[in-house]
Amino acid sequence: QDPTCPFRRKQYGGTELVIANLIRGLQEMGHQPVLLASADSTIDCPIIPITDKAIYFPKHKKDLPAYLARAKEIEKNTANKLRGVLGDVDIVHSHGFDLKDFQDFPNLTTMHGPVTFQQLDYYDHRRDLFYASISRNQQDAFPDLQYVGVVYNGEDPSRFPLVTKPDDY
1 QDPTCPFRRK QYGGTELVIA NLIRGLQEMG HQPVLLASAD STIDCPIIPI
51 TDKAIYFPKH KKDLPAYLAR AKEIEKNTAN KLRGVLGDVD IVHSHGFDLK
101 DFQDFPNLTT MHGPVTFQQL DYYDHRRDLF YASISRNQQD AFPDLQYVGV
151 VYNGEDPSRF PLVTKPDDY
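Under the UniProt record's numbering, the residues of the sequence shown are numbered 1 to 169, in order.
Keep in mind that a hint or two might mislead.
Straight-line Cα separation of at most 16 angstroms, EDC-like style, residue types lysine to aspartate or glutamate; simulated pairs [unchecked claim]:
| id | residue 1 | residue 2 |
| --- | --- | --- |
| 1 | 81 | 98 |
| 2 | 72 | 98 |
| 3 | 53 | 75 |
| 4 | 53 | 40 |
| 5 | 100 | 124 |
| 6 | 81 | 101 |
| 7 | 100 | 128 |
| 8 | 53 | 73 |
| 9 | 100 | 75 |
| 10 | 100 | 121 |
| 11 | 72 | 52 |
| 12 | 76 | 98 |
| 13 | 76 | 52 |
| 14 | 76 | 44 |
| 15 | 81 | 128 |
None of these hints come from the bench; they were simulated from the model.
If you're wondering where the values come from, they're calculated on a predicted model, not measured in any experiment.
Taking the hints into account, I'd like the entire structure generated from these sequences.
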């Protein structure tokens with residue numbers, strides 16, 4: 001989980017909504033997911049805090065060095081916390097954290113964005129990881145990765161009431 005994105009019960013963004021739906025679905029199937037996230041997150045599963053408060057990408061260029069330094073600290077803390085729970089979990093499913101140092105543990109990384117030319121070197125050094133893409137097109141950008149499949153970002157249909165009588169738009 002990206003430390004710049006705290007989980008909020010009613011304010012999920014794109015990736016956070018996907019993760020929240022995944023957590024709920026896993027719970028409905030009898031699994032017990034845990035989430036490494038900022039301590040100010042709110043979600044219906046145990047949270048292992050990787051930082052007290054989420055950090056946000058700075059609005060001003062002058063604040064970027066401090067943000068990057070804090071993000072690096074949080075990344076280090078995330079790795080330490082993850083090492084501490086490996087004996088208690090069956091698989092690590094990442095939505096942004098680099099699992100390069102965790103290749104020997106069952107892992108899955110969901111790729112939520114496009115694979116760009118600038119990222120090819122990054123993925124080239126992570127061929128031993130397992131990936132879920134969100135489209136076939138995404139896989140075509142780097143076909144040599146170990147894809148376990150395509151998982152389209154689903155929606156919870158209960159959030160959208162059925163309209164039997166449309167309004168006059």
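Quick rundown of the hints versus the structure:
With a C-alpha separation of about 14 angstroms, the suggested pairing of residue 81 with residue 98 holds against the 16 angstroms cut-off. Annotation: proposed proximity of residue 72 to residue 98 holds, straight-line Cα distance about 12 angstroms (limit 16 angstroms). With a C-alpha separation of about 14 angstroms, the suggested pair residue 53 and residue 75 falls inside the 16 angstroms cut-off, and the hint holds. About 5 angstroms separates the Cα atoms of residue 53 and residue 40, which keeps this hinted pair within 16 angstroms; it holds.
Under the criterion of a C-alpha separation no larger than 16 angstroms, the hint pairing residue 100 with residue 124 is consistent with the structure, at around 11 angstroms. Using a Cα cut-off of 16 angstroms, the hinted pair residue 81 and residue 101 holds, with the two alpha carbons roughly 13 angstroms apart. About 8 angstroms separates the Cα atoms of residue 100 and residue 128, which keeps this hinted pair within 16 angstroms; it holds. Straight-line distance between C-alpha atoms of residue 53 and residue 73 comes to about 13 angstroms, which keeps the hinted pair within the 16 angstroms bound.
Among the hinted pairs, residue 100 with residue 75 is consistent with the structure: their alpha-carbon atoms are about 12 angstroms apart, no more than 16 angstroms. Proposed proximity of residue 100 and residue 121 is supported: the alpha carbons are some 13 angstroms apart, at most 16 angstroms. In summary, the hint linking residue 72 to residue 52 is supported, as the alpha carbons are separated by about 15 angstroms, within the 16 angstroms threshold. As the CA atoms of residue 76 and residue 98 are separated by approximately 11 angstroms, the hinted pair is consistent with the 16 angstroms bound.
With a C-alpha separation of about 14 angstroms, the suggested pairing of residue 76 with residue 52 holds against the 16 angstroms cut-off. Among the hinted pairs, residue 76 with residue 44 is inconsistent with the structure: their alpha-carbon atoms are about 25 angstroms apart, more than 16 angstroms. Annotation: proposed proximity of residue 81 to residue 128 is violated, straight-line Cα distance about 22 angstroms (limit 16 angstroms).
Figure legend: structure checked against the earlier numbered hints; hints not met, in rising order: 14 and 15.
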